[in-house]
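Student: Please build the complex by placing chain B on the supplied structure of chain A, with the hints as guidance.
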Amino acid sequence: MPQEEIFDVIIVGAGAAGLTAGIYSSRAKLSTLILNEGAIGGQMVLTEEIANYPGVDTKKGYMLANTMKMQAKQFGCKIKSGLQIKSYDLEGEVKHFVLDDGREFSSRAVILTPGGRPRSLGIPGEESFKGKGISYCATCDGEFFTGKEVVVVGGGNSALEEAVALTSYATRVTIVHQFDHFQAFKHAVEQAEKNPKISFIMESELRSFKGDGVLQEVTMEHLPKGKITTMRTDGVFIFAGYIPNTEDLDGIVELNERKEIVTDTDLKTNLPGVFAAGDCIVKKYRQVTTAVADGTIASLSAAEYLRS
Amino acid sequence: MRHLSTNLHEFESAAELENYINENENVMVCCGRMGPMCIPVYGVMEELEEERENVKFAVMAFDSPEAGIIRNDPACRGFMGLPFTMYYKNGQAAHATSSIQNMQQVTTILDEQFGA
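The listed protein sequences correspond, in order, to chains A and B. The first sequence begins at 116 in the numbering used here and counts up one residue at a time. The second sequence begins at 919 in the numbering used here and counts up one residue at a time.
With the rest of the complex left out, here is chain A:
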């Protein structure tokens, strides 16, 4: 199979970290290609509004992503999206990528920014009832549940804030959480607790979704006692955290037990010439701003590597 082109830098992923790395690398006159498997913008486009990006008024997530994409392209960064990477060879001085359609790309440095995705529950019925009672976005789908009863799964900020938002539509919102306490900030918990439409089922996990065409009931397990109960509901909104998109990198670069990429402070991985940035790496805080910072550092580190 003929090789199309050898780049200075190939960036895997086009979220905030990947697009930032693309901006910095291409502006440094490095030939730069972004290979992206998902939606350009990553989790930015999954965010309705971004109000805390310094220097930018409150903006739709997709608009901020679009601006970053245009910036990267203006500096000469090439972006290929909606593709599937079949194999990675990152160990030699020249790194190779093969796509599932047979195209091949090579580069001297690589920045991995595959990002993360919302965690699904992986229980029976979840895929069947997606869009027919199961949702991952209260802003998008809340109005479909006007006058109905819904369940919210999760205990983080997203779960509690979205539960409060759903009370604008639903008559009753039940939050189901696996632990006996919430991970959300105190303010978010207080807002949920004082809302009369919200009730809580703690130390419990959903086990299945059931219905006839549309979701009608869930089964759940009370974890301390193992007791299974059934609950009728019109909808379930799932906010169960995020997982890194690193399945294809397992065994290629060093990952920790949570499958996050291990890096040093310059965002170097265990492989020479391979860097990583954004939500996929081992770190505590995951924000657009931290992803942008990571993308910057990884790009500068890659440039230094190429110069050496």
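Partial chain B-side listing against chain A, Cβ under 10 angstroms, derived:
no.: 1; residue: Gly950
no.: 2; residue: Gly953
no.: 3; residue: Cys956
no.: 4; residue: Gly961
no.: 5; residue: Leu1000
Pairs of lysine-lysine residues, derived as DSSO-like cross-links and limited to a Cα-Cα distance of at most 30 angstroms, are as follows:
no.: 6; chain 1: B; residue 1: Lys974; chain 2: A; residue 2: Lys201
no.: 7; chain 1: A; residue 1: Lys144; chain 2: A; residue 2: Lys188
no.: 8; chain 1: A; residue 1: Lys188; chain 2: B; residue 2: Lys974
no.: 9; chain 1: B; residue 1: Lys974; chain 2: A; residue 2: Lys193
no.: 10; chain 1: A; residue 1: Lys195; chain 2: B; residue 2: Lys974
no.: 11; chain 1: A; residue 1: Lys174; chain 2: A; residue 2: Lys195
no.: 12; chain 1: A; residue 1: Lys175; chain 2: B; residue 2: Lys974
Source of the hints: derived by calculation from the structure; they are not laboratory data. Positions of the beta carbon are idealized from the N, C-alpha and C atoms, including for glycine.
Tutor: Only chain B this time, still in chain A's reference frame:
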């Protein structure tokens, strides 16, 4: 007037959609908003538009009164997640999905309904 910031053709009226699906054998229409569940589907369609010459790709604003032609289609009965995505074959609804779909899910449907 366009409501959706995509590079895809946007229907502004039900009549336009009806004409389009009658004039084109295979049509995929995503009916949504500029929201987090819809934008990824538009992105998938933009990528596929270049390589799937046997399929026409278009969008329609969910909140337009004209979009009732999709919202009220029997194929969308029970749908409670944006976007509503329709696949038309020879002017008839062949398949419909609710909520976000990834590249693999969309290409599987296109292959099944319209051929690879």
